[in-house]
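Start from the sequences, fold in the hints, and give me the full structure.
Protein chains: 2
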Amino acid sequence: MREIAIIGIGQTKVHEHWGLSIRELATDAIFTAQKDSGRKNFDALFVGNMLSGLIDQQNNLGAVIADWVGFKGEAVKIETACSSGASAFRAGIMAVASGEIDSAMVVGVEKMTDAAPTDVTSALATAADSDWELEQGVSFVGLNALIMRRYIHEFGWKHEDFAPFSLNSHANAAHNPNARLPFAISPKQYTNSAMISAPINLMDASPTGDGAAATLIVPLDSVRGNKRAIQILGSGAATDTLSVHSRKKPLFLQAAYLAAKRAYTQAGITYEDVDFFELHDAFSIMSALSLEACGFAVQGQGPRLGLDNEITPKGGRIPICTRGGLKARGHPVGATGMYQLVEAVQQLRGECGETQVENAKIGMTQNIGGSGASIITHILKVP
Amino acid sequence: MREIAIIGIGQTKVHEHWGLSIRELATDAIFTAQKDSGRKNFDALFVGNMLSGLIDQQNNLGAVIADWVGFKGEAVKIETACSSGASAFRAGIMAVASGEIDSAMVVGVEKMTDAAPTDVTSALATAADSDWELEQGVSFVGLNALIMRRYIHEFGWKHEDFAPFSLNSHANAAHNPNARLPFAISPKQYTNSAMISAPINLMDASPTGDGAAATLIVPLDSVRGNKRAIQILGSGAATDTLSVHSRKKPLFLQAAYLAAKRAYTQAGITYEDVDFFELHDAFSIMSALSLEACGFAVQGQGPRLGLDNEITPKGGRIPICTRGGLKARGHPVGATGMYQLVEAVQQLRGECGETQVENAKIGMTQNIGGSGASIITHILKVP
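Protein chains in written order, with the numbering used here: chain A, 191 to 573; chain B, 191 to 573.
Don't read these hints as lab results, they were simulated from the structure. Mixed in with the good hints, there may be bad ones.
Which copy? The list can't say, so a pair holds if one copy fits it or any two copies do.
To be verified - Heads up, simulated SDA-like pairs for lysine to any residue below, C-alpha to C-alpha not over 25 Å straight-line:
#, residue 1, residue 2
1, 262, 222
2, 262, 451
3, 504, 461
4, 451, 259
5, 571, 291
6, 571, 289
7, 203, 229
8, 262, 437
9, 551, 226
10, 348, 439
11, 571, 410
12, 439, 259
13, 348, 377
Since we're looking at a predicted model, the values are computed, not measured.
Set out below in structure tokens:
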């Protein structure tokens, strides 16, 4: 397989973009990535998106965005719920790696704030199992609350032990101009925030939003010597049962374990070589489960990393969510995986200012669709 | 790029499958393709589907189907409206060609008959431009009617000149046990059928339905000498503006021209080498436009091929829709592109009985999403 690199990145602020349509948001990120890459053309467009059919009454989003960008080549949408962004990125990698094309523009985009909140909740619920979970009336946050409640019971944690995940994300977002909630919060704010679905309170949950993030993928050979190029060292994807109740171990993210294992093997590294980890903190419980499945903590001990101050960009053993994560950068669902990748490139280029991880050479991203059903992991490296 | 082949095929009947869910339909086709291939495993699952979010309240369909099949590897959904099937197939090709995986199961699936017809019409309209076409209240058949009306005006045809397209598809479907409408029709039935959106009448339009079709894709080297293997010789995809009114030449399928050109170049053939052509006759006007864009007729003269009896499997210069096409095999939208590919394999294996094209060595398929916005062409060959 030929070696691949990211040469351009672009992103919009995660925000309530009431003045921009979904195609305009995507185009903003694409044009920024093109400008950043110094290249004028690309061979194919891969779009990661989950909800445009349900919220924007628009399918065929690949062609829609190609049209707006003025591109007539091939364009497709990839959808794996909240991991659509990383799935589109992986499709782009394989297209360039195959030699069929020489450059792939990948954009993750979502526009959620035009719809009523109840409609967004219904739309997000389509990431769960319609026949076996939704029929019971459980929402997506409800499913995560069941997992968190069981985890607390099983391993003896208290709710406030999850606070460091939320505090770290918010503290980091304060330095990210593209973040949805760019401010720090206090432990008291975490504890006292409104309950959504016990034990998940508002500070355990990521906010939705509108946004787009894009990267241009090219063969590594074509950008040798370019200091802005970042190599894609590993890529792995796996699935698990959609229904949480069908899993033998509902507190272990089997697909995260498999996806990370494949990415580590491809990259020829172990978790110990990872300098920072942009993980999928849609809910604070997911931070713990993701860290455990990828080898950074033993099962049941994920919160310990937060309590021991090991997840912060300054001096932490495994800094996570260095630009704010889903919790505070925001979670425009189909775009999130692409934000993680753009942010990882920023870290590896050394462009992260206050939240820069010192001497970061290898970064990992992990995007999750459904309650752990589709998981995609990428490992990036300074070439 | 390594050479690729199809080794297994499977399909369900296109039908009102009220007793089967979307995951069960897909699984039927996948298991049949596995059995046909003689292989027990595959490395990744690519799902082509357009409407599961809107009609079945189910996204993340890759993971849903993987779950039902008992597969834990990577699984994604690809969506490009009615060309989702062929887009998923092309993604599968690139994944195997890259060397990242060694076998890809591709399934196109759609379940449309559980929804009310008006809901299906609304859902299908999301293939058109939501902001610039749907806002005007035009439905998908309405857009095609505008194209057909202009074409008749511009090139001086009469409505009955399109009859051979419909008659050929129905005559061929009579011999296809998986067809939705497996019966021949008479010229009088064509002329007298109910008007839907003038000048498109019921016999110009393809029926929706439930169905799934699947193929297993592997490196050609792994199946050398296997007489059931069919080589994928060329693959091309292109897009055009989503809105028909934005095109300089609304009567010419520019994306079909570009996609076919790329596929011909990759295959090292011209249109004259093609023994049969499974084209996208969602409406009879699309048969004419597709034949013209791909080189089989000059612009404005597509209907001539039908009138001259050149499109039938027995003795026609370029047999089309040999298993019934969209018109009579049926059009379960996201599955259609995969039905075309499965049928092309059947022709090249010589399994088509009454509608077998004699000495068929090279077959072409073309799948269209939107009113010509996303077009994917494949060329298959007996290796």
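Status of the hints after comparison with the structure:
no. : hint      : result
1   : 262 / 222 : within (19 Å within a copy, 36 Å between copies)
2   : 262 / 451 : between (38 Å within a copy, 14 Å between copies)
3   : 504 / 461 : within (19 Å within a copy, 63 Å between copies)
4   : 451 / 259 : between (37 Å within a copy, 23 Å between copies)
5   : 571 / 291 : both (23 Å within a copy, 22 Å between copies)
6   : 571 / 289 : both (22 Å within a copy, 21 Å between copies)
7   : 203 / 229 : within (23 Å within a copy, 48 Å between copies)
8   : 262 / 437 : between (44 Å within a copy, 12 Å between copies)
9   : 551 / 226 : within (20 Å within a copy, 47 Å between copies)
10  : 348 / 439 : within (21 Å within a copy, 66 Å between copies)
11  : 571 / 410 : within (12 Å within a copy, 33 Å between copies)
12  : 439 / 259 : between (45 Å within a copy, 19 Å between copies)
13  : 348 / 377 : within (14 Å within a copy, 76 Å between copies)
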